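> Below, each chain spelled out in residue letters.
2 protein chains.
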Amino acid sequence: MEDEWSRLGLDLHLRLSPAHGLRTGLEHAVRDAVRDGRLSPGTPLPSSRTLARDLGVARGTVTQAYDQLVAEGYLTSRPRSGIRVADQPAGPPAAETVPPPHAAPSPAAGTDLRPGLPDLSGFPRREWLAATRRVLQTTPGAAFGYGDSFGHTELRQVLAEYLGRARGVVTTPERVIVCAGYTHALRLVCQALRRRGATSVAFEDPFLPDYPALAEETGLRVSRIPVDSEGLVVDRLTGEAAVIVTPAHQFPLGVTLSPARRAQLLAWARRTGAFVLEDDYDGEFRYDRQPVGALQGLAPDRVVYAGTASKTIAPGLRTAWIVVPPGLVAPLRAAMRWDEGYVSVIDQLALAQLIRTGELDRHLRRCRARYRRRRDRLGDAVTRHLSHGSLSGIAAGLHAVLRFPGTSASEPLLLSHLEERGVTVDGVARFYGRPEDAPFGIVIGYATPPEHAYGNALDTLISALREREPAG
Amino acid sequence: MEDEWSRLGLDLHLRLSPAHGLRTGLEHAVRDAVRDGRLSPGTPLPSSRTLARDLGVARGTVTQAYDQLVAEGYLTSRPRSGIRVADQPAGPPAAETVPPPHAAPSPAAGTDLRPGLPDLSGFPRREWLAATRRVLQTTPGAAFGYGDSFGHTELRQVLAEYLGRARGVVTTPERVIVCAGYTHALRLVCQALRRRGATSVAFEDPFLPDYPALAEETGLRVSRIPVDSEGLVVDRLTGEAAVIVTPAHQFPLGVTLSPARRAQLLAWARRTGAFVLEDDYDGEFRYDRQPVGALQGLAPDRVVYAGTASKTIAPGLRTAWIVVPPGLVAPLRAAMRWDEGYVSVIDQLALAQLIRTGELDRHLRRCRARYRRRRDRLGDAVTRHLSHGSLSGIAAGLHAVLRFPGTSASEPLLLSHLEERGVTVDGVARFYGRPEDAPFGIVIGYATPPEHAYGNALDTLISALREREPAG
Chain H
1 MEDEWSRLGL DLHLRLSPAH GLRTGLEHAV RDAVRDGRLS PGTPLPSSRT
51 LARDLGVARG TVTQAYDQLV AEGYLTSRPR SGIRVADQPA GPPAAETVPP
101 PHAAPSPAAG TDLRPGLPDL SGFPRREWLA ATRRVLQTTP GAAFGYGDSF
151 GHTELRQVLA EYLGRARGVV TTPERVIVCA GYTHALRLVC QALRRRGATS
201 VAFEDPFLPD YPALAEETGL RVSRIPVDSE GLVVDRLTGE AAVIVTPAHQ
251 FPLGVTLSPA RRAQLLAWAR RTGAFVLEDD YDGEFRYDRQ PVGALQGLAP
301 DRVVYAGTAS KTIAPGLRTA WIVVPPGLVA PLRAAMRWDE GYVSVIDQLA
351 LAQLIRTGEL DRHLRRCRAR YRRRRDRLGD AVTRHLSHGS LSGIAAGLHA
401 VLRFPGTSAS EPLLLSHLEE RGVTVDGVAR FYGRPEDAPF GIVIGYATPP
451 EHAYGNALDT LISALREREP AG
Chain A
1001 MEDEWSRLGL DLHLRLSPAH GLRTGLEHAV RDAVRDGRLS PGTPLPSSRT
1051 LARDLGVARG TVTQAYDQLV AEGYLTSRPR SGIRVADQPA GPPAAETVPP
1101 PHAAPSPAAG TDLRPGLPDL SGFPRREWLA ATRRVLQTTP GAAFGYGDSF
1151 GHTELRQVLA EYLGRARGVV TTPERVIVCA GYTHALRLVC QALRRRGATS
1201 VAFEDPFLPD YPALAEETGL RVSRIPVDSE GLVVDRLTGE AAVIVTPAHQ
1251 FPLGVTLSPA RRAQLLAWAR RTGAFVLEDD YDGEFRYDRQ PVGALQGLAP
1301 DRVVYAGTAS KTIAPGLRTA WIVVPPGLVA PLRAAMRWDE GYVSVIDQLA
1351 LAQLIRTGEL DRHLRRCRAR YRRRRDRLGD AVTRHLSHGS LSGIAAGLHA
1401 VLRFPGTSAS EPLLLSHLEE RGVTVDGVAR FYGRPEDAPF GIVIGYATPP
1451 EHAYGNALDT LISALREREP AG
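Same order as they appear, the protein sequences are chains H and A.
Using my numbering, read the first sequence as starting at 1 and increasing by one per residue.
Using my numbering, read the second sequence as starting at 1001 and increasing by one per residue.
Errors might be hidden in some of the hints.
Here's a subset of chain A near chain H, in silico, CB distances under 7 Å, partners left out [stated by the list, open to error]:
| id | residue |
| --- | --- |
| 1 | Ser1121 |
| 2 | Tyr1146 |
| 3 | Gly1181 |
| 4 | Thr1183 |
| 5 | Glu1217 |
| 6 | Tyr1287 |
| 7 | Ala1330 |
| 8 | Arg1333 |
| 9 | Ala1334 |
| 10 | Trp1338 |
Ranges between beta-carbon positions, derived for each pair [said to hold, decoys possible]:
| id | chain 1 | residue 1 | chain 2 | residue 2 | range |
| --- | --- | --- | --- | --- | --- |
| 11 | A | Arg1372 | H | Thr357 | 39 to 45 Å |
| 12 | H | Gly358 | A | Arg1434 | 24 to 30 Å |
| 13 | A | Gly1042 | H | Pro140 | 41 to 47 Å |
| 14 | H | Thr238 | A | Gly1164 | 53 to 59 Å |
| 15 | A | Thr1172 | H | Gly273 | 49 to 55 Å |
| 16 | H | Thr357 | A | Gly1358 | 52 to 58 Å |
| 17 | H | Pro140 | A | Arg1114 | 51 to 57 Å |
| 18 | A | Gly1164 | H | Ala330 | 42 to 48 Å |
| 19 | A | Arg1434 | H | Arg195 | 25 to 31 Å |
To be clear, the hints were calculated from the coordinates, so they are not data collected in a lab.
Since this is a predicted model, take the numbers as computed values, not measurements.
For every residue, glycine included, the Cβ atom is placed at its ideal position computed from N, Cα and C.
Start from the sequences and build out the full structure, keeping to the hints where you can.
Given below as structure tokens:
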């Protein structure tokens, strides 16, 4: 198979690992070649038809691989010039809205549909216990002492491999740091930036308000950068030392950072020497195509990648991880001189065991199927029952945003009406730097209820919304 | 039994819980009466002979209870005035040195006798796994979400009860905070002090140098207060907002804060409005009599009590706890707004389970017996083989200090000689603010080696020391 790749017409030897499927293998091969410079910016790639014929694979396989790499910012696709390796690539944002609709349901009590939680009833109890048993049976006593504050080597190795495979992250284990949740990770990064002399950081607007406040607490000035339908409006960045973004699925709006903006963001970081903190809080959950690979893979020297077990397993584990550029390793070591590692070594090794044995993958497949069904039911209900409702941010993640375009809907009135009906959701406004300027919308965390309660929760929500559907 | 206590001649109704033994029950009863004011400062107590007769118990029982309460600072004992309730009590420091000695042993390789670790080979694997199983079988899914940053209610309740019972700590569960190790606890306390406007804190000299450095990192000025044979030299304190002390077993010298100094310290705190952080890092380990109760019990409004699972179970669990005065609850809430709780809820509940079922007590009894044997062997070897060696700090904890009084011993020379023989211990000097002014001594962490290796470790140490025993 390897030899076939040299027939790309590029005098290029792309290695295809037999462990991958055809499409994924092609993606990996091209991604690697772009990363290591064998495919330089501007290089034209063969048309999908040509390459498919050369490789003896279906044309759809090539098209899908190309699409994925365009979405990730490695390639560009322009009407007349075909597919090329990106330098500062441009492309349209992914359309992620579902049109409005009509119909009717029934109520329940204490329906929590706030975003930010997975279905905790799905905690993999049996698997976690088995992993813990294995750890306690096999780990040498010395491992229970004070360990490396960056985390246990075994977990860092497993994470480096997992993140490369599942999220396109490029790293060695030495640059993986185990943290006690995303807040801990963010605080450490802010402290490391301060040690390097940083004075300001930027956050998306909207975003979770606690995080900018935490950055301020560490002594940094915070600016807020608007988000539009392509994600962060990169040209509003100025001299900040870093920007915190949610490229795979903006929180809470749910847009994916467009290929053009990904490129523009990395160009900004390279030009100004700034860092990008990629908050990949729900990157494992994408429903209609393969996940958009991590931004970090395009610029491992400028991007801090942050992932978490809070959405894939549960926040109660208090486990997250960051992958840091070489330039931040020493400042993070210094910041963690006091901040010893905070995660129990037993939990670290149990998580490593869960990933290594494939249990986490199996768990994630179950979760993905469950959340996709929920999302589809939500989309269907909105279409059928709400004539003005428009759902966005649904391609990925654990929440969606519901708007009522062209109406005069009022968020406080709607939220208090829902509260009266026993339904708790978040309004969009609380995530904005200036809530009074926020557009109208509610954030629906469809993963939050336990599986058995989702049907009722959805019915209750929709029926309460219908009672107040705004005039068009 | 309750009624007998009213025959104290004090018109005092002391409640004796039937759960306690006679001596412990008497201690508890008197301690409680002093705390809640039923026994006011200066009140004379009946002689041990009288009370023993009144209660129908052995005189030794009463004597032991009184001794304990004198050591803890609740009572005073003066030659002519007998036993009274303390206000600013005075009393001699406990003698904790073992005289010098002679004889010979054999070497091993890679002998780590540094202090700060329990025997990790004794990690209660079976018990921890059983507790984890129980937690995963019984905990409702909702518990795996984001919990209270102060910790899970269940663990906080169990800790409040345990600390009251085992260490004489007076608290409600609301004032117990679960932390990810002592460093995390200390940082939080420093941050809370800063929020209250504090500018400086004091540490013992000697002490672990990382902790003063951490306090400085949070923006506090640090002063170092000398330690003598009675513990912290309290009258060297000035206007610090808080002082961090190790009253049960000073680190690393091993002295117990004397009753007089305990009283003096609390008087200083009350007079100046300062707080005392009681670092009770190895308070569970006392070998020759009941543990000296926590200072916190004497002044719950001024003392922050800090305990940890690092010595009782293992540092790898990353679990510690603080009990805070009411006045620090709000600043700690504020400090933890960003610092979400860092300890996995599964681990919190497993620890609660371990304590509730009595497994921790059984584990501690096994450890205490093991470490006491090791300490006795160390003391014996020093006595028999080292003519100038003098061991101190041996009444409690997991380490002892070896000095060579009246000799011209040089710490760097001795440490490098031991290193050549494959033995790692700490010198006392590194714990001093000005290492060059430190007295000579080495700190021997006798709990560190695995059980099967202790004999060889000890032989290697003693034989290396004999090679260099300084001229008298």
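> Look at each hint and say if it fits the structure.
Evaluation of the provided hints:
1. This hint holds: A/Ser1121 has a C-beta 4 Å from the nearest C-beta of chain H, less than the 7 Å allowed.
2. The beta carbon of A/Tyr1146 comes within 5 Å of a beta carbon in chain H, closer than 7 Å, and the hint placing it at the interface holds.
3. The closest approach between the C-beta of A/Gly1181 and any C-beta of chain H is roughly 6 Å, which is under the 7 Å cut-off, so the hint is satisfied.
4. Hint status for A/Thr1183 relative to chain H: holds, with the closest Cβ pair at about 5 Å, below 7 Å.
5. Interface hint status for A/Glu1217: upheld, as the beta-carbon distance to the closest one in chain H is roughly 6 Å, under 7 Å.
6. Because the smallest distance between the Cβ of A/Tyr1287 and any Cβ of chain H comes to about 23 Å, over 7 Å, the interface hint for this residue is violated.
7. Interface hint status for A/Ala1330: violated, as the beta-carbon distance to the closest one in chain H is roughly 16 Å, over 7 Å.
8. Against a cut-off of 7 Å between C-beta atoms, the interface hint on A/Arg1333 is violated, since the closest Cβ of chain H lies about 14 Å away.
9. Against a cut-off of 7 Å between C-beta atoms, the interface hint on A/Ala1334 is violated, since the closest Cβ of chain H lies about 10 Å away.
10. Restraint check, A/Trp1338 versus chain H: the minimum CB separation of about 4 Å is within 7 Å; hint holds.
11. The supplied range of 39 to 45 Å is met by A/Arg1372 and H/Thr357, whose beta-carbon atoms lie about 42 Å from each other.
12. Evaluation of the 24 to 30 Å hint for H/Gly358 and A/Arg1434 yields a failure: the beta carbon distance comes to about 56 Å.
13. Between A/Gly1042 and H/Pro140 the C-beta distance comes to about 57 Å, which lies outside the given range of 41 to 47 Å.
14. Look at H/Thr238 against A/Gly1164: about 56 Å separates their beta carbons, and that is inside 53 to 59 Å.
15. At roughly 52 Å, the beta carbons of A/Thr1172 and H/Gly273 sit within the given window of 49 to 55 Å.
16. Between H/Thr357 and A/Gly1358 the C-beta distance comes to about 34 Å, which lies outside the given range of 52 to 58 Å.
17. At roughly 18 Å, the beta carbons of H/Pro140 and A/Arg1114 sit outside the given window of 51 to 57 Å.
18. A hinted range of 42 to 48 Å for the beta carbons of A/Gly1164 and H/Ala330 is consistent with their spacing of about 45 Å.
19. A hinted range of 25 to 31 Å holds for the C-beta pair A/Arg1434 and H/Arg195, which are about 27 Å apart.
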